[in-house]
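Novice: Listed below are the residues making up each chain.
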Amino acid sequence: MIKLMRQILQWAPELKGKFFLAALFKIVEAMFMGAPYGFIFLTLNDLLAGSLSMKKVAFYTGGMAFCFLGQGICSYFFSRTIWPTSNYLVKKLRIMVGEHLRRLSMGYFSKETTGSLHTLVVDEMMAIQVALYMAFADFVVAFTFVILTPIFLLFVDWRLALVTVAVLPAAVPFYLWSSNVYTKGLRKRSDSQAELNSEVIEYVQGIEVLKAFRQTGKQFEKFTRSLGGFRDINLHLSMKGVVPTELGLTVVELGLCLILMFATIFLFNGTVSLSVFLIFLIMGLRIYEPIKRLIPAVAFLKLAEPAVYKVKNVLVP
Amino acid sequence: MEPKPKKQGLSGLIGLAAPQKGKLILSGLLAIIGQGCGIVPFFIIYKIVAEIAGKPQSEIEQRFIYILILVAFAAIVLKHVCLGLSTTLSHISSYNILYNLRIKITEKLGTLPLGYFNKKNTGELKKVMSEDVEQMEIFLAHNIPEVAGALVSTLLTAVILFIVDWRLALATIIAIPTGFIFQMMIMGRGKEVTNKWLSATKKMNAAMIEYIQGMSIIKAFNHTVESFSKYSNSIDDCLHLEDEWSKRWHLPTAIFSVSITANMLLLLPVGAAMYLAGIITLGKFVFFLLMGIGFGNPIWIIITFGRLMERNLVCQAHIETVLTAEDLSEALEPEKPGRGVSGKSIEFGYDKETKVIEGIDFSIPPGKFIALVGPSGAGKTTLARLIPRFWDVDAGSISLGETDIRNMKIDDLMDQFGLIFQNVYLFNDTVLANLRLGNPDASEAEIMDAAKKARCHEFIMKLPRGYDTVIGEKGARISGGEKQRLSIARALLKDSPILILDEVTAFIDPENEALIQDAINKLIRDKTLIVIAHRISTIIAADEIWALDKGRIAVRGTHEQLLSTSKLYKNMWETHVSAQGWALEREGKND
Numbered sequence: 018m019i020k021l022m023r024q025i026l027q028w029a030p031e032l033k034g035k036f037f038l039a040a041l042f043k044i045v046e047a048m049f050m051g052a053p054y055g056f057i058f059l060t061l062n063d064l065l066a067g068s069l070s071m072k073k074v075a076f077y078t079g080g081m082a083f084c085f086l087g088q089g090i091c092s093y094f095f096s097r098t099i100w101p102t103s104n105y106l107v108k109k110l111r112i113m114v115g116e117h118l119r120r121l122s123m124g125y126f127s128k129e130t131t132g133s134l135h136t137l138v139v140d141e142m143m144a145i146q147v148a149l150y151m152a153f154a155d156f157v158v159a160f161t162f163v164i165l166t167p168i169f170l171l172f173v174d175w176r177l178a179l180v181t182v183a184v185l186p187a188a189v190p191f192y193l194w195s196s197n198v199y200t201k202g203l204r205k206r207s208d209s210q211a212e213l214n215s216e217v218i219e220y221v222q223g224i225e226v227l228k229a230f231r232q233t234g235k236q237f238e239k240f241t242r243s244l245g246g247f248r249d250i251n252l253h254l255s256m257k258g259v260v261p262t263e264l265g266l267t268v269v270e271l272g273l274c275l276i277l278m279f280a281t282i283f284l285f286n287g288t289v290s291l292s293v294f295l296i297f298l299i300m301g302l303r304i305y306e307p308i309k310r311l312i313p314a315v316a317f318l319k320l321a322e323p324a325v326y327k328v329k330n331v332l333v334p
Numbered sequence: 148m149e150p151k152p153k154k155q156g157l158s159g160l161i162g163l164a165a166p167q168k169g170k171l172i173l174s175g176l177l178a179i180i181g182q183g184c185g186i187v188p189f190f191i192i193y194k195i196v197a198e199i200a201g202k203p204q205s206e207i208e209q210r211f212i213y214i215l216i217l218v219a220f221a222a223i224v225l226k227h228v229c230l231g232l233s234t235t236l237s238h239i240s241s242y243n244i245l246y247n248l249r250i251k252i253t254e255k256l257g258t259l260p261l262g263y264f265n266k267k268n269t270g271e272l273k274k275v276m277s278e279d280v281e282q283m284e285i286f287l288a289h290n291i292p293e294v295a296g297a298l299v300s301t302l303l304t305a306v307i308l309f310i311v312d313w314r315l316a317l318a319t320i321i322a323i324p325t326g327f328i329f330q331m332m333i334m335g336r337g338k339e340v341t342n343k344w345l346s347a348t349k350k351m352n353a354a355m356i357e358y359i360q361g362m363s364i365i366k367a368f369n370h371t372v373e374s375f376s377k378y379s380n381s382i383d384d385c386l387h388l389e390d391e392w393s394k395r396w397h398l399p400t401a402i403f404s405v406s407i408t409a410n411m412l413l414l415l416p417v418g419a420a421m422y423l424a425g426i427i428t429l430g431k432f433v434f435f436l437l438m439g440i441g442f443g444n445p446i447w448i449i450i451t452f453g454r455l456m457e458r459n460l461v462c463q464a465h466i467e468t469v470l471t472a473e474d475l476s477e478a479l480e481p482e483k484p485g486r487g488v489s490g491k492s493i494e495f496g497y498d499k500e501t502k503v504i505e506g507i508d509f510s511i512p513p514g515k516f517i518a519l520v521g522p523s524g525a526g527k528t529t530l531a532r533l534i535p536r537f538w539d540v541d542a543g544s545i546s547l548g549e550t551d552i553r554n555m556k557i558d559d560l561m562d563q564f565g566l567i568f569q570n571v572y573l574f575n576d577t578v579l580a581n582l583r584l585g586n587p588d589a590s591e592a593e594i595m596d597a598a599k600k601a602r603c604h605e606f607i608m609k610l611p612r613g614y615d616t617v618i619g620e621k622g623a624r625i626s627g628g629e630k631q632r633l634s635i636a637r638a639l640l641k642d643s644p645i646l647i648l649d650e651v652t653a654f655i656d657p658e659n660e661a662l663i664q665d666a667i668n669k670l671i672r673d674k675t676l677i678v679i680a681h682r683i684s685t686i687i688a689a690d691e692i693w694a695l696d697k698g699r700i701a702v703r704g705t706h707e708q709l710l711s712t713s714k715l716y717k718n719m720w721e722t723h724v725s726a727q728g729w730a731l732e733r734e735g736k737n738d
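Same order as they appear, the protein sequences are chains A and B.
Each number in our numbering comes from the position in the first sequence (counting from 1) with 17 added on.
Each number in our numbering comes from the position in the second sequence (counting from 1) with 147 added on.
No wet-lab data here; the hints were simulated from the structure.
It is possible that some hints are incorrect.
What the hints assert, rightly or not - To give an idea of the chain A side of the interface with chain B (calculated C-beta under 10 angstroms), a few residues: (1) Leu21; (2) Arg23; (3) Met71; (4) Asn104; (5) Arg119.
From the three backbone atoms N, C-alpha and C, an ideal C-beta is built for every residue, glycine too.
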């Protein structure tokens, strides 16, 4: 993500402020999203200590309402910032590429097909756009949670906090595995898509000849091959990608079992209170959600990589 | 007028998925089981809390708690196994559906009259075949299983909540409909913007193809600024509408994201009050706190589905528009083509207002050489393209022998014709593959023989990889004359009884013209020949010359007959002869 953002800011340095603002909105939104857990913790604490009163409940509810409001406002401003910014970026890139193309010698156009250039300007740009809409938010939220939640949990119980975050390093190999699968697979997919788009353009523009030679539809083997190739590459990618993705998600979610086991042990040997036990159970069910969203977000991010690579290649003077 | 798509909406999308129904149902079932397993840990936590919080520590059975943890472990593993299998199955079926759909569109395009391609530009059709079809993948591979899983898990969770305590269950779910109502309101109002945005995307696609493919002309005429502004305006329009489209979602997305978790605002005070009043146990209260804050998570999937659905439906409508376009009809009981070509009272126009062909009658016996001449716009090319039924005539009929071409199978009809056009279209493939288009069953020896006859073997052998050289898009890596000779070789391989040549030497240099003439002479033996000629000198040997003017055959006869009887033809001949001696001269040079 950082690599992608760095490249994007090289192309459009004027967007630095906008992306920073979008990230800030998302970080604050993530903090507001996490804050209600704090109120639940306080409620449970009071509940088990026998000091919970309706006055306190009203206060905690008010606190939560404030957090939800903050979450909503930040979510709104994040969307309002990231969508037009991403749209502007893609517009700028498309124009940059178009501007650059008209300065190139005709030799370039005899090597590159219309389909591959068209794929770059339309489909690949969309991949960058999608990466920014989808992956950017997930990455910001995940990192905010990964940094802030353990700090909060450390104050509650440091041993269970360690147990909670223990699964994260275990998930890293799966994250890298899936990242690797998508890097390779999506490059191939990008090439295959360019080929397919070239074939589509040729098919439509050459239809008169194809009709004349009765080579339309399945008879035009070159096209059918491209279609088949694109299907196979996609299938191969999704089948290879599903294994590390689901394994990574399983490992992360099994963190809940670890929390349950250790919390039970600590509860029975009397080293944690029931309220701490309960807050870790609640957190255990929710803390991994942003991390879990990060693993599929890799696919969106990797989708943008070949696009960035190709744009860079075209823009080489 | 564009035909209306037959199927619209969700049923149409599901209709596309019918051939892979089994896999998709299984995928949906696995997603449901997976999501169901996802609820188990919540329930286990409820049981653990009920056990621990409800009893003194000495009475708690520790073994029972560890067994529950193991069950949670197994449920998590099973959940991801099921979801992994579900994803795999949904992708297998969706990519196969997409492949079949693209093939279906490809075949459909092959049955459409050429007029269809005049109205639709390449970018538009590319968008349908590429982007719109790809959009279906999201619906088939992701939306179907995920939404099925999310719906079931939400319903299942709601049922469990109601079983545990109906009052707190109500407090948990009551905020959710607010988000949905907002969503529905936005969806209802947004179709117009979505349509506009996706139409602008089509235009952008077209502008980009035009810009890239027109680069040589743009550069030659120094039109880079004008054509670039057309390209950049299309980007501006598209992104402006995309901004408009996305603006509609900012507020509902924010409201929805809050409404699915804001149930805690009701759940916390209601639960606390009930607990403090002794109506519910601590276990129940904690269980609802756990479930309440995450209850809305699967609903995100449903809401995303709603947003994508709007786009899916527009894309699906684009696909349906192509698939339901009116194609060239084929007789239910096709007849075989006869010999010789004839036309009776043919009328044709590219649109209803302007007639390009007006009441032409003709008869061409087998083996005859007919030449079509006339000024630009006289209807020569149109007439030549009506004969192999690239368009259907508006009135009258064209027959091969006694058989109306509309009563033949298109394939049988096409077998009768060899066509060589002025603008040769070659594919970005090897020389061999381009030639093989003429006869897919031809051996390499036969292909080489045809290439030799068409005088292209020599230049092919000089290419870096001979017959295996890829010649680039539209044959960009070879010259105009070479392209034309390849197209003749292609026609030679097809070996059809009727040949239509449309200004094949129009823009060719003299050296290539001689080679092409030689190649054509080998091609035309024993064949019916219809030639559209720009250079009248090349068709003076024709059995009959038709001089076309304003969509009619003004005069017909041999070269000698027409020279003595037709003023129109005589003028054309004199213009042609004087052009032979034409040369560039600087003003004042001969003074």
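Novice: Against each hint, give a clear statement of whether it holds in the structure.
Specialist: Against the structure, the hints:
{"no.": "1", "hint": "Leu21", "result": "violated (20 angstroms)"}
{"no.": "2", "hint": "Arg23", "result": "violated (24 angstroms)"}
{"no.": "3", "hint": "Met71", "result": "holds (6 angstroms)"}
{"no.": "4", "hint": "Asn104", "result": "holds (5 angstroms)"}
{"no.": "5", "hint": "Arg119", "result": "holds (5 angstroms)"}
Figure legend: structure checked against the earlier numbered hints; hints not met, in rising order: 1 and 2.
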